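Residues in the sequence shown are numbered consecutively from 1, following our numbering.
Be aware that a few hints might be false.
Said to hold, decoys possible - Across the chosen pairs, the derived CB separations fall in these ranges:
1. 123 <-> 167: 18 to 26 Å
2. 57 <-> 146: 34 to 42 Å
3. 150 <-> 4: 36 to 44 Å
4. 6 <-> 164: 14 to 22 Å
5. 165 <-> 124: 13 to 21 Å
6. 123 <-> 48: 31 to 39 Å
By construction, these hints were calculated from the structure, which means they are not laboratory data. Computed from a predicted structure; not experimentally measured. A virtual CB, placed ideally from N, CA and C, is assigned to each residue, including glycine.
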Amino acid sequence: MAFVENDWVTVSNPRTLAARMYAGRTGCVVAVEDHPYPYLVEFDGGGRLAFAGDELRLSAFEDDPCQPCPHREGLACCAESQAREADFDDEHLTNGRQVDDPVKHPAHYTSYRGIEVIQLTEQMNFNRGNAIKYLARAGLKDPDTELQDLEKAAWYIGREKQRVQGVRA
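The whole structure should be built from the sequences, with the hints applied where relevant.
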């Protein structure tokens, strides 16, 4: 499907690791280029990434005029609103704020706007998943162990490189 600038789109079929981080998020097409990933999408709250056409679908916003966003004054239909409605149930919210559940949803696991690292790492093999886990959580649980967390991530990346080199040999 062809999209044009200012189309609201949702990432529905991400193919790359980077694209998977935006799965289910809605953003605005801000540029259309001539290459394999022609649609540059900007997400509310930060983040831009280029996507192939088959990774996106038109958002429901297309048929429904946007209402002012309650989270960002003056902006309509922000992804923040959509994420809050889709990702959190009332069990984990109190007065609009996420509740720290030390077993199911510890704060240091959900620091990225409520996205838990496990949602991404479950899509990967063990080494890649652990590397992402340590990178994403580096210093969040204990700022004094940030360097150690980064070293652990590097160790898993090294193991994954060895595995890939062995497969290709």
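So, going through the hints one by one against the coordinates:
The hinted range of 18 to 26 Å is satisfied by residue 123 and residue 167, whose Cβ atoms lie roughly 19 Å apart. For residue 57 and residue 146, the Cβ-Cβ distance of about 38 Å falls inside the hinted range of 34 to 42 Å, so the restraint holds. For the hinted restraint 36 to 44 Å between residue 150 and residue 4, the CB-CB distance of approximately 41 Å keeps it satisfied. In this structure the supplied range 14 to 22 Å is violated for residue 6 paired with residue 164, their Cβ-Cβ distance being about 40 Å.
Separation of residue 165 from residue 124 is about 18 Å and conforms to the stated range, judged on CB atoms against 13 to 21 Å. At about 22 Å, the CB distance of residue 123 to residue 48 disagrees with the hint of 31 to 39 Å.
Taken one by one, the earlier hints fail for this structure at numbers 4, 6, listed in ascending order.
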